[in-house]
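Colleague: Protein chains in written order, with the numbering used here: chain L, 1 to 316; chain H, 1 to 93; chain E, 1 to 102; chain F, 1 to 168.
By construction, these hints were calculated from the structure, which means they are not laboratory data.
From the three backbone atoms N, C-alpha and C, an ideal C-beta is built for every residue, glycine too.
One should not assume that every hint holds.
Residues on chain E that point at chain F, a partial pick, calculated with CB under 8 Å [claimed, not checked]: (1) A22; (2) H34; (3) R88.
Sample of chain E residues lacking proximity to chain F, with all beta carbon distances greater than 10 Å (derived) [stated by the list, open to error]: (4) S2; (5) V5; (6) A7; (7) T8; (8) I10; (9) L12; (10) L14; (11) L56; (12) P57.
Beyond 12 Å from chain F on every Cβ pair, some chain L residues (computed) [stated by the list, open to error]: (13) L18; (14) I20; (15) P102.
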Amino acid sequence: MAPAFSALTLFDVVLCVLIIGVALCSSSVRDLFAATVLLIIYGVFVAIAWVRLGAVDVALAEAAIGAGLTGVLLIGAVARLKITESPAAAVSRWQFAAKVIPASLGLLIASGLAYLVLTVEWRETLQAPVLANLPDTGVLNPVTAVLLNYRAYDTLLETSVLFAALIASWCTTHDDLWGERAGLRQHTRRAGILATFGRFLPPIGLIVGIHIFWAGADKWGGAFQAGTIFAAVWILAIMAGVIDAPNATGRSIRSFAVAGPMFFTFVALTGVLAQSFLIIPVMVAKPLTLAIEACLTLSIAATLMLLVLGAPRRSA
Amino acid sequence: MIEAYFFAATVLLMTVAVCLVRVLRGPTRADRMMGAQLAATAGVAILALISPAGSPAMLDVALVLALLGAFAAVAFVKAATIDGAGDPEEESQ
Amino acid sequence: MSVIVTATTILLLLIGVAFFLAGSMGLLRFPDVHARLHALTKADNLGLGFITLALLPQAADVWIASKLVMIWLLTMLAAATVSQLIARSALHEEDVKQEPGP
Amino acid sequence: MGVNLRGTMFALRRFVPFAIFWIILTSNDPGAWLPGLIAAGAATALSLHLLPASRATHVNFRSLASLAPGFLWRSVLGGIDVAWRAFHPRTPLRPTWIRYQVRLPAGGPRVSLGSELSLMPGTLGAGEDGDVMYIHCLDSNQPVLEAIVSEEERIARAIGFDLGGARD
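Could you build all of it, start to finish, from the sequences and the hints given here?
Modeller: Below you can see the structure in the form of structure tokens.
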């Protein structure tokens with residue numbers, strides 16, 4: 001029926017070539033800032049690829065993280081590194097090895113995965129049982145169901161990892177700076193372009209984030225995507241000097257950061273009384289799942305925001 | 001019509017690819033940053049063009065990209081100031 | 001009727017893609033940062049505008065069509081604002097002093 | 001009471017656009033009206049917190065809508081202008097800088113002036129220093145100064161601001 005070579009195939013082929021090309025450029029270019037920009041462009045391409053694969057939830061996460069937040073994080077990191085270009089003459093044997101070893105490891109893993117994907121017979125996937133048991137989870141989005149119900153273990157551990165990362169980042173704070181606001185003290189021109197942008201965009205981002213959160217229950221999106229959007233507009237308002245960055249000793253920011261993992265753990269433990277660990281009873285599945293999702297969104301937003309801003313520091 | 005959209009989207013991919021030259025060559029960081037700006041705008045257009053072949057959910061990806069695509073550039077102009085936390089407009093000439 | 005719609009859509013698509021091409025050409029060929037910013041800001045947002053127009057007649061309903069317009073407006077707003085910041089960031093003393101101004 | 005009423009009006013002027021934005025995002029799904037109420041309410045509260053209502057933020061939507069066609073037309077001209085230069089074999093450019101004394105109030109109005117100039121033919125806003133706005137021009141032969149002045153006047157009219165009385 002469909003022609004062997006359509007515009008859709010052409011698009012997909014060009015996209016694949018570009019993804020690999022940008023990835024190679026990004027990892028081989030000497031200028032770190034160029035590598036960062038290439039990584040942002042890579043994020044845009046990968047988001048498009050996920051859309052083409054029909055994985056809108058992943059595409060949303062990639063667009064928010066890869067093309068949005070990672071860029072902010074890495075540009076800040078590159079700016080802190082004073083030496084951006086390594087002198088061409090200083091390529092020693094060790095530097096060469098430091099490139100070859102990860103590259104060959106990556107190649108090995110990629111070819112192993114490719115071998116598996118191409119040789120495994122896909123007689124039966126988990127798709128049918130996931131969809132069959134969907135009514136019991138309280139949500140209609142199969143991805144959310146997997147994340148918060150079937151594989152709730154993974155998600156609980158993931159959010160705990162995120163929280164642990166935040167604590168690790170707080171641990172790098174210099175002693176005499178503990179209790180100060182996260183990151184550098186931001187300052188901007190009063191009523192300038194940046195300040196105006198930072199006053200105007202966050203409400204719009206808030207609505208988009210709530211939309212992605214709300215759609216996450218039944219269609220697409222979810223806690224992680226919405227949390228990332230909230231974190232991004234929060235950071236924008238802080239960078240624009242409109243609101244102050246929180247400090248690690250603040251009680252409200254701490255409860256924000258811990259709300260998700262804590263509520264999740266609480267639900268998991270009360271499940272023990274009913275049946276077993278981490279069981280969400282069918283009767284209360286919908287409100288409970290939404291509540292977990294809401295707490296997780298808050299925690300992810302606060303944690304990502306604090307991680308990107310980093311430990312308190314004083315400008316040199 | 002879907003075919004026409006995908007052809008257009010393919011050409012847009014090529015325009016981003018061409019701009020990689022500017023990202024690699026620079027010379028200034030602002031020049032490289034513009035490559036990311038272009039990729040974000042073109043990415044929004046590409047996502048809008050390929051969404052008729054799928055679900056309306058794909059437009060939400062375009063929406064998120066439209067919202068957050070400019071943030072990296074904001075981080076860039078802030079990082080380019082003297083103390084890394086300022087505003088390019090503050091610095092007196 | 002539908003032939004006219006199809007022809008218009010294709011024409012708008014071509015115009016949109018042409019503006020994106022112009023943006024890339026400008027980014028590659030213009031001599032300095034500020035000239036390149038002109039190309040990026042003006043051409044690409046206009047290209048996105050024409051592509052949005054081309055998609056409107058094919059949109060499933062009025063809400064999808066409005067969403068497309070919203071996405072375009074949001075991109076344009078963010079790009080035009082941020083381009084001023086990049087322009088200012090790349091501005092050095094000697095650039096402005098050469099011209100007395102009005 | 002009068003203050004309360006004015007406060008409510010200010011809030012409503014933001015709530016309604018946010019609510020419309022939500023309805024567009026959700027394709028007018030009636031099941032989404034309740035979360036929409038929360039979303040638009042939260043956005044209004046955040047917006048009033050970040051940008052408290054005042055004279056300067058008071059935008060007349062009708063005059064703003066009347067600006068749109070002219071602005072869109074000029075941005076089309078801007079795109080054509082820059083596209084022509086980009087494709088031209090010799091890329092004809094005569095770049096120059098203008099230091100323009102802005103008369104509009106600081107904040108939103110000035111940023112919109114800069115944004116609109118950045119989309120119009122030959123001009124690119126590059127921020128301010130005091131009341132001086134730096135504007136980069138692609139071609140010194142273009143009548144840019146007139147274009148800048150008339151754009152500023154159009155924005156002033158849209159927000160009901162008197163340019164003449166702004167400066168001493």
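Colleague: Now look at each hint and say whether the structure bears it out.
Modeller: Quick rundown of the hints versus the structure:
no.	hint	in the structure
1	A22	holds, 3 Å
2	H34	holds, 4 Å
3	R88	holds, 3 Å
4	S2	holds, 24 Å
5	V5	holds, 21 Å
6	A7	holds, 20 Å
7	T8	holds, 16 Å
8	I10	holds, 19 Å
9	L12	holds, 12 Å
10	L14	holds, 13 Å
11	L56	holds, 14 Å
12	P57	holds, 18 Å
13	L18	holds, 22 Å
14	I20	holds, 29 Å
15	P102	holds, 40 Å
In summary, the structure agrees with every hint in the numbered list given earlier.
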